[in-house]
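The lines below spell out each chain.
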Amino acid sequence: MTQEKKKEELIRVENRLTIDYRFAAGPYLAKFYTELRDKGKLWGVRCPKCQSLHVPPTIMCAPCHVKLSEFPQDWEELSGKGYLDSWYKIVTPQMDLLGRTEPDEYLHCVAWLDEGVAMYHYLNVRPESEEERKLQRGLRLEMELKPIKERVGEKEDIKYFNILWDEPLKKG
Amino acid sequence: MGKRRVAIVGLGRTYHRTRRPDVNIPELCYEAAKAALEDANLEFKDIDAVVVGNMEFFENRSMTEMWQMDHIGGYLRSGVHVATGGTVGATVASTGFEYAASGLFNHVLALGFEKQSEADSRAAIRLTGDPIIGRSLMRAAVGVFAQFAFNYMLQSGCREEHAAMVRLRADKNACRNPWAHLKIGLQSIDQILESPYLLTPLRYLDMCPTSEGAAAMIIAPEERARKITNKPVWVKDWEVAHNSGSQETYGAPLVPTTSLTEAATILFKRNGITNPRRDISVAELYTPSTYGELLWIESYRLCEDGEAWKLEEKGVFDMEGEFPVNPSGGVLATNAIASTGVLRPLECALQLREDAGEHQITRKPHLAFSTGWGGFSWTVAHLLSNTLD
Numbered sequence: 000m001t002q003e004k005k006k007e008e009l010i011r012v013e014n015r016l017t018i019d020y021r022f023a024a025g026p027y028l029a030k031f032y033t034e035l036r037d038k039g040k041l042w043g044v045r046c047p048k049c050q051s052l053h054v055p056p057t058i059m060c061a062p063c064h065v066k067l068s069e070f071p072q073d074w075e076e077l078s079g080k081g082y083l084d085s086w087y088k089i090v091t092p093q094m095d096l097l098g099r100t101e102p103d104e105y106l107h108c109v110a111w112l113d114e115g116v117a118m119y120h121y122l123n124v125r126p127e128s129e130e131e132r133k134l135q136r137g138l139r140l141e142m143e144l145k146p147i148k149e150r151v152g153e154k155e156d157i158k159y160f161n162i163l164w165d166e167p168l169k170k171g
Numbered sequence: 000m001g002k003r004r005v006a007i008v009g010l011g012r013t014y015h016r017t018r019r020p021d022v023n024i025p026e027l028c029y030e031a032a033k034a035a036l037e038d039a040n041l042e043f044k045d046i047d048a049v050v051v052g053n054m055e056f057f058e059n060r061s062m063t064e065m066w067q068m069d070h071i072g073g074y075l076r077s078g079v080h081v082a083t084g085g086t087v088g089a090t091v092a093s094t095g096f097e098y099a100a101s102g103l104f105n106h107v108l109a110l111g112f113e114k115q116s117e118a119d120s121r122a123a124i125r126l127t128g129d130p131i132i133g134r135s136l137m138r139a140a141v142g143v144f145a146q147f148a149f150n151y152m153l154q155s156g157c158r159e160e161h162a163a164m165v166r167l168r169a170d171k172n173a174c175r176n177p178w179a180h181l182k183i184g185l186q187s188i189d190q191i192l193e194s195p196y197l198l199t200p201l202r203y204l205d206m207c208p209t210s211e212g213a214a215a216m217i218i219a220p221e222e223r224a225r226k227i228t229n230k231p232v233w234v235k236d237w238e239v240a241h242n243s244g245s246q247e248t249y250g251a252p253l254v255p256t257t258s259l260t261e262a263a264t265i266l267f268k269r270n271g272i273t274n275p276r277r278d279i280s281v282a283e284l285y286t287p288s289t290y291g292e293l294l295w296i297e298s299y300r301l302c303e304d305g306e307a308w309k310l311e312e313k314g315v316f317d318m319e320g321e322f323p324v325n326p327s328g329g330v331l332a333t334n335a336i337a338s339t340g341v342l343r344p345l346e347c348a349l350q351l352r353e354d355a356g357e358h359q360i361t362r363k364p365h366l367a368f369s370t371g372w373g374g375f376s377w378t379v380a381h382l383l384s385n386t387l388d
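The listed protein sequences derive, respectively, from chains U and P.
Residue 69 in numbering that gives the first Met the number 0 sits at position 70 of the first sequence, and the numbers go up by one each step.
Residue 267 in numbering that gives the first Met the number 0 sits at position 268 of the second sequence, and the numbers go up by one each step.
These aren't lab readings, by the way, just hints derived from the structure by calculation.
For glycine and all other residues, C-beta sits at the position ideal for the given N, C-alpha and C.
There may be inaccurate statements among the hints.
Said to hold, decoys possible - Have a look at the derived ranges for each label pair, beta carbon to beta carbon:
(1) P102(U) x N229(P): 25 to 31 Å
(2) G98(U) x W66(P): 22 to 28 Å
(3) S194(P) x P167(U): 49 to 55 Å
(4) R76(P) x R136(U): 53 to 59 Å
(5) V79(P) x D165(U): 29 to 35 Å
Claimed, not checked - Covered by chain P, according to a simulated footprint, are these stretches of chain U (three or more residues, beta-carbon under 8 Å):
(6) 19-33
(7) 131-144
Model the full assembly from the supplied sequences, consistent with the hints where possible.
Next up, the structure:
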């Protein structure tokens, strides 16, 4: 360290905050997640006015201002099948909402389900794989769930979407 | 809009940097507030209301106005704290306009700041996600813009080179703006096409930086504005639209562009704008991503669908072009979140006053369009003019 005039010390105060939280799911989401966990079923609720399907179910259709029914009225079971809309490879690991920054094992995708709703989830394709190179919009998808004893009542009870390579592409 | 016409009569901002360890938050805000007051030839005692924008938890604080209200002229004054995601600065501006138009206040200070190195804004952004649905999958802003990029490329025919052109334009503009943050000195799109990917198809250089800084405007109703300055920037009109707060709902495409189109369409119709690139002289759009900028130029109906990348290729949006977009370097060069949205109308005001110095547009300015966007998805859009007609 050479002789130099004293610099002012710039103090920085450091701390780390850890906050516990516990969110209530409410009757709509609680039913949605317990059906997923215990029976492996995926449900949506249809707005009686505009006919849009809400997945996951919510208390209100926002554009219509209509209060949606609790299970089972207007609730419809989804097939878990759809088509590949878009896909994303996480090249530089990004922090997730649980504070983890780790490389993703699988690609992410947006799936257009047959019932006309979009879902963002994992795609059963690994980064840099042969399959990644063959991806195109319109590939047929089918949801796969985790085995029942691993399901806890969260979105990740759905493991990923599998590509049904032998089925025809969606047109248009 | 409103019973009284209002104008921006003063503006000021700090230099935007990755880090400002030499000042704390109140001191950072003081710099911007003081600069705006000096520009308006006013003093702290003249402020009668303060609108402060800052995103909660981005600096590990809630009620973030509490720390600096005393240091920016808010002592014993009316005021409100605004936090609307990326839109926040634009909402600060429109709230400031509303305060001034109400007839209740003479000099409104509208200030936005962010000091993002002090906590983890990426972590804080994740707190904006729906707490129950798929938190582990959410990759926040980057994931959202990857979706915009993917879809824009497929539907418009745009290629990676066109996104790189957007970054090149932003960087060239930023290098002429002493207040901008990121000034890389890029010379060609090849340099951008070498930058690594974040999430395909987005590269590092397709996204904005995280910056620290503050920006402020003084807004006054018409009769006061004329006494304060001979170059008032008139707030012609503004509009706010908001749609889905949730990522997966109503069978809609994730993160729709509906609110952008809605806000712009209503604003243009109400103001007789039928040919936006002819009627509007300059635009400062809140666009934190290159592909996003091309897509949203279309969403705002500034050109037809699928056309923006072609106009980019022709240099239409350059500083010397027919329709300059983001001559300041935009959000791609500088993003201190709550400051960013204030900088959009602020930079428009500079252009309209013909005070932007090295980054003044070539075209003679008359009407400017500034926007903010955030969350999933607010849009705030303003129209500013240097004449009252």
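Against the structure, the hints come out as follows:
Between P102(U) and N229(P) the CB atoms are about 59 Å apart, so this pair departs from the stated range of 25 to 31 Å. Against the hinted window of 22 to 28 Å, the Cβ-Cβ separation of G98(U) and W66(P) comes to about 25 Å, which satisfies the hint. The hinted window of 49 to 55 Å between S194(P) and P167(U) is violated, with their beta carbons roughly 38 Å apart. The given range of 53 to 59 Å is respected by R76(P) and R136(U), whose C-beta atoms sit roughly 55 Å from each other.
Separated by about 59 Å at the C-beta atoms, V79(P) and D165(U) break the suggested range of 29 to 35 Å. For the stretch 19-33 of chain U, the stated coverage by chain P holds: 4 residues have a C-beta nearer than 8 Å to a C-beta of that chain, and at least 3 were required. Against chain P, the stretch 131-144 of chain U contributes 1 residues with a C-beta closer than 8 Å to a partner C-beta. That does not satisfy the three-residue criterion, and the hint is violated.
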